[in-house]
Amino acid sequence: MKSLAELEAIRQKTLERINLRKDDENERVRVVVGMATCGIAAGARPVMLSFMEEAQKRGLSHVTVSQTGCIGMCRLEPMVDVYLPGKEKVTYVHMNPEKVARVVAEHIVNGRPVQEYTIGATEDKE
Amino acid sequence: MRDLSLHILDLTQNSVRANATLVQLDITVDERKWITIRITDDGCGMDAELKERVLSPFATTRTTRKVGLGIPLMAQNARLTGGDVTLESEVGKGTVLTVMLDGGSIDCLPLGDLAGTMTTLISANPDKPDFVLTCKSVKGEMLFDTRQVRQVLSGVSLNEPEITAWMLSAIQEEIEPIFGGVIL
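Residue numbers (our numbering), protein chains in the order written: chain F, 12 to 137; chain W, 43 to 226.
Since the hints were made in silico from the structure, they are not lab data. Heads up, some of the hints might be wrong.
Unchecked claim - One side of the interface only, derived from the structure: several residues of chain F facing chain W at Cβ under 8 Å:
#	residue
1	L26
2	N30
3	T48
4	A53
5	M59
6	L95
7	P96
Said to hold, decoys possible - If you want the footprint, here are the derived chain W segments under chain F, 3+ residues with CB under 8 Å:
#	segment
8	45-57
9	67-77
10	115-124
11	189-195
Computed from a predicted structure; not experimentally measured. All C-beta atoms, glycine included, are put in the ideal place defined by N, C-alpha and C.
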């Protein structure tokens, strides 16, 4: 691997940031992306990568992005659950990278869920 | 699945779920443009009966979540090019899944974003297993080993945002000269 030297420098920067971060578990935002066969086929990977990229760009170090398997609603994939501290879980369906940018800006940063992308809005329409 | 990297993401998660500590991913393109994808893990392995079942898309009972469409979908896309999927497994030892495809066939899927697949796998499983990726073609070869990354990071998690961003570009950069113009 060529760029391991570069990684060492990045590690230093990361360490500084981690030390600054108030590591309060109650402050953490969790983003969970469905990544079973159905989710991947529907485009879950670019959705997950966009969440990670947006979080990094905006310096949101209290956001954790993780994955889950198939929850049985394959036709609504890619699905994403967003957990804000002290709030109820919000489930987004038919996600794509453009929608991710809006969810990060409006929901994760400003605390207002994007209603039109939620499972509730979609199920009402169908 | 739209490309091979998405199949690889899907199938490698079987190894993660099989509780592997090391997952090796080898992708080779030979001079005849045949692509070999091999996923080797040291997970729990499968007995002969389960091994047969994961190859078949329909002979499954919905209660056993170990069985799904992942391998049959890959097999279908491999067979479209004249290739196939083979599975070797031993309980307690691990599993080797080998996919052969004719990269010159018009029905062969493109490789897709392999760096994105690796980054997704690693950042979702930052502690275990370790992943080793090797890519080989007539143009050269590359190796990416999370054990080396872990050593440099000494304690910093593999899924910190700066680290995943580095991983994505580092893997991308090393794959390009090997598969660029060959199957990319």
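Indices of hints not satisfied (ascending): When the structure is compared with the hints, numbers 2, 4, 6, 7, 9 and 10 turn out to be violated.
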